[in-house]
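Colleague: All chains, full assembly: derive it from the sequences and hints.
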Amino acid sequence: MSVLFLLIGTSILIAGAFLAAFLFSVNEGQFDDDYTPSVRMLFDNPAEQPSTEKITTTNK
Amino acid sequence: MHCSSCVYLLENLHRLEAGIIKSTVNFQRKEVFISFNPTLTSLRAVVSLLAFTGYEPAISLKDATSAVDEKNRLTSKRLNRAKIFRIGLAGFCFANIMMLSFPEYLSSGTVDASLSNAFTWLNFVLSLPVLFFCASGFFVSAWKSLRQNILNIDAPIVVAILVTFGRSYYEIISGQGAGYLDSGSGIIFFMLIGRWFQDKTFDALSFERDYRSYFPLGVSIITADTNVAGKTHEKNVPVTGLKQGDRIIMRNEELIPADSILVKGNAQIDYSFVNGENSTVHKVQGELVYAGGRQRGGAIELRVSKLVSQSYITQLWNNDIFNKPKQKKESFVHPWSRYFTLVLFSIAIATVIFWWFNNPGNIWPALTSVLIVACPCSLLLSHTFTNGNMLRILGNNKLYLRNAQVIESLAAIDCIVFDKTGTITRANQSHVQYTGLPLSATEKAGLQLLSSQSAHPLSKMIASELKNKVSYSPELREFREYPGKGISAFVENLSLKMGSANFMKAQVTQGIQQEGGSKVYVQVDEKIKGTFSFSNQYRTGIRKEIEALKNEGFDLHVLSGDNSAEKETLEFLFGPEARIFFRQLPEEKLQYIRHLQLNNKQVMMIGDGLNDAGALLQAQVGIAVSDNHAQFAPACDAIIDGEQVKNISRFLRFARAGKKIVTASFILSILYNLVGISFAVTAQLSPVVAAILMPASSISIVLFVTLAGNAVAKKQGLLSAARPDEDHTAF
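Just so you know, the protein sequences line up as chains A and B, in that order.
Quick note: to get this note's numbering, add 2 to the position in the first sequence (first position is 1).
Quick note: to get this note's numbering, add 1303 to the position in the second sequence (first position is 1).
No lab work stands behind these hints, which were simulated from the structure alone.
Keep in mind the model is a prediction, meaning the values are calculated, not measured.
Listed next, the in silico SDA-like pairs over lysine to any residue satisfying Cα-Cα at most 25 Å (straight line):
no.	chain 1	residue 1	chain 2	residue 2
1	B	LYS1325	A	SER27
2	B	LYS1380	A	GLY31
3	B	LYS1904	B	GLU1880
4	B	LYS1380	A	SER27
5	B	LYS1333	A	SER27
6	B	LYS1386	A	ASN29
7	B	LYS1325	A	PRO39
8	B	LYS1386	A	GLU30
9	B	LYS1853	B	GLN2019
10	B	LYS1380	A	PHE20
11	B	LYS1325	A	SER40
12	B	LYS1325	A	GLU30
13	B	LYS1853	B	SER1867
14	B	LYS1380	A	ALA23
15	B	LYS1325	A	MET43
16	B	LYS1701	A	ASP34
17	B	LYS1380	A	ALA22
18	B	LYS1333	A	LEU44
19	B	LYS1386	A	ALA22
20	B	LYS1380	A	MET43
What follows is a list of derived Cβ distance ranges for each label pair:
no.	chain 1	residue 1	chain 2	residue 2	range
21	B	SER1981	A	SER4	36 to 46 Å
22	A	GLY11	B	SER1308	47 to 57 Å
23	B	LEU1797	A	LEU44	47 to 57 Å
24	A	LEU44	B	LYS1763	31 to 41 Å
25	B	PHE1435	A	VAL5	26 to 36 Å
26	A	VAL5	B	PHE1660	49 to 59 Å
Beta carbons are placed, not taken as given, at the ideal position from N, Cα and C, and that holds for glycine.
Modeller: Structure below.
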């Protein structure tokens, strides 16, 4: 049964990592606008534009 | 911004202008953030590029006078993030606590003691952020209202939260059991979601606008050159810096910022911004020109006679009601929660007394269980979810409410006051009628061509009216516009003239009616042919709607700032018992509403112009009508699309049904509470019963109110029109 301690600990850690990722994304403002990114990803942007690259990375 | 193409264009601005580094669109707010390199381009160039591509930025006096606005927006953004943050954290903790609690429920003692001990302590740790961070909003709100001696719905909730967590912590620390942390954090999670659902707002709309949002930022003033006598300079100054006696230049289409006296030029002032009237007013030198008017025609020179903040139109904002926040009416849920609390405490006391005599050992567990299980959270949940759902349904039908409180105010309305222009009539569309001698095909074509040359509002209307009746387009020669008088030109071999009565060379023989709206005379080859007259075009379906409202017993009133030309039509529409008033000043409208309220009426005001602003704010519910977002929508409780005015009675019925839904769900939640309390008073509430009962009741109540709300919306025909995609194109 004592293996459960390990499993529970791991599961909480993993869940905590996802929570941290979520909180990070909220702080980054990814939940501020829930419509525009869905449109933006449909545009064919030439890759050599540095600015557009920036936009796509934040949308991952 | 209307569609994805707009997003595409605006995000690719850097291809059009080298100096722009990056532009990011927020579609729902209708905003674009642009970063540019000031050495390569200028702010001015960016603005003109935006205007050129069709996205002219809205620059107004308000941007200059209030940095507060921007600050408010940033705080609301931060608050919104904090809300999502809390929901996420509460959800995480709730789910993990629930999982760790399962062995406790299901195994009934077969789990290893050290293991179950570890689970409980993990729960203990996980529940701390829920209690101290996620639930903090409830504590703050309860404390605030307690300090004002009001017992709002959050107070009993806080009691329940404190008792739940307090007892659980006591049990854990003393090693008696696992407590009720799972149900406690679950409830907080659901309540947070409910609040968020209700508070979701329409980002692109502003309900706080006043005249400053519509006034220009700068104005050209004339200053005398100090070196050369008689020579003048023109320079731009901010509107707020205008002083009495300044001489300002107003060009075509410019908005007059302050009450002034006409010094030079031909003034054709269009007051449609202020009162919704279509025709322009001709002013001669020395006459007073009011702020809010728009010059149509050549440049004029004015001498400022009053400060911007003291001008006729802006004075309305000095009225008290603009300076104190609108009185918040208490939701009917709060008195309910008060009774609920009273009953709850009497049950608790009865339980204590009962166990005192029977088994004193049960007092403590029974009392805490009663307080835990009878949490009024289901009251809160039913209320927030019903309102959130209704806000969405109404939003899909293009009635955008400022907040959920407006729904309750809507349900109580018994008296409706309409503005005329722009509300029951269309703002920019008039019915054009020609009376006089019949016109030949050439003459019609010529007149259409002639009238389409001018930017005058009446001329534009005639042009669009004749457009369908013209089959070919002749050649136009020697077009001339006489500002304030009329237009003339030659078409083929005809000499055509259109304009006011005194513009016509030949004597006008027909009777000139002053009252009855504007007229445009038509002259062909020195002979008066006839006149075009204009009357208001009523919105389609408005007659049926007024009929429906009358049948439902609403008290109807009409307050118009316009002349009484439409009196007969309005009397026909509203029937003999309605009260209809014309030439109402903004202040009079406000007073009229106040008067109605003193007679215990729940007043709803529907209007669109700047002159309705006071009345909209004074009324219990002020609804601003808007045919497009650029039009003036003053501070109000709700914004309605012009085409939806004909559905007012449905919206009102829907709001009243909403109240019934909330009441029904209250009864449902009280039934749940009775079951829970019957466990609790007998001191038999085990954590597993609480963990099943509380989420089950919450979820079933949310389901009930959502389904009931949709059913009512369907009955009122509001659901079929609900096309979420169109939501974005509406504004």
